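Generate coordinates for the entire structure from the input sequences, incorporating the hints supplied.
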Amino acid sequence: MHSVAAEGFSADGWRYERGRAGYPADAVEWLVDNIGIGTGSLVADIAAGTGKLTRELAGRCQVVAVEPVSQMHEVLREITNVPVVEAVAEGLPFADGTFDAITIAQALHWFDKDRAGAELHRVLKPGTRLGLIWNARDRSHALVNALWSIMDEIESDAPWHQERERSTNEVPGFGPVNRADFSQVVETTRKGVEDRMLSVSHISVLTPEDRAAVLDECRAVWDHHLGPDTESFAFPYRVGAFWLERLD
1 MHSVAAEGFS ADGWRYERGR AGYPADAVEW LVDNIGIGTG SLVADIAAGT
51 GKLTRELAGR CQVVAVEPVS QMHEVLREIT NVPVVEAVAE GLPFADGTFD
101 AITIAQALHW FDKDRAGAEL HRVLKPGTRL GLIWNARDRS HALVNALWSI
151 MDEIESDAPW HQERERSTNE VPGFGPVNRA DFSQVVETTR KGVEDRMLSV
201 SHISVLTPED RAAVLDECRA VWDHHLGPDT ESFAFPYRVG AFWLERLD
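Sequential numbering of the sequence shown, starting at 1, is according to our numbering.
Simulated from the structure, these hints should not be mistaken for lab results. There could be a bad hint or two in this list.
To be verified - Straight-line alpha carbon distances no greater than 25 Å define the calculated DSS-like cross-link-like pairs of lysine-lysine that follow:
(1) 113 - 191
(2) 191 - 52
(3) 125 - 113
Since the structure is predicted, the reported quantities are computational estimates derived from the model, not experimental observations.
And the structure:
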């Protein structure tokens, strides 16, 4: 597991839960339909975090949440009833051919793809599929772009940025990549946006003084674009969903 992810996501699972958006129903439906799962399917949601995708799958199949960070487990167990297994994608504690599908939400960029790809391939049954989904900030909105311009320099060495110019959704042992694009708007507050910023692992690992400085910048941006008396904002996201076939 990447050291920044391990340290950053250990900071506060509930902040992550408050700050991060879930996934829109149309994107989840597309993903479920295309990875071919139903009520009898056994699915692993890898790097499940606080269960943003896990909870959407729970009523549609038998799902196991796989998550390495204990602070995320606490949230997962409180808000879902699914089994939680502590493990990384590069070392899955399951027998060969256990699962009918695997999903990964907002996490593939943290993996060692060669090692993780081999493990994902191993624990999936032949002829099955891998599903991926991402929320991306819609930077065509001036406020969102200004907020995440603050982040760009801080996150410059993050796998997310390093992968951006490469094929982020390619996974060894799987293919081809099939994609659909969606969008959503999530109603949030000034505090919600602050939690969203602080949930970013590269921010979580900063010193308290540096985190406070980042928040001061964010508040100034908010006040400039929305005004100091505005407390709510409709946060726009672009959502990408993908499926890949297990290559036998």
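Which of the stated hints cannot be reconciled with the structure, identified by number in ascending sequence?
1
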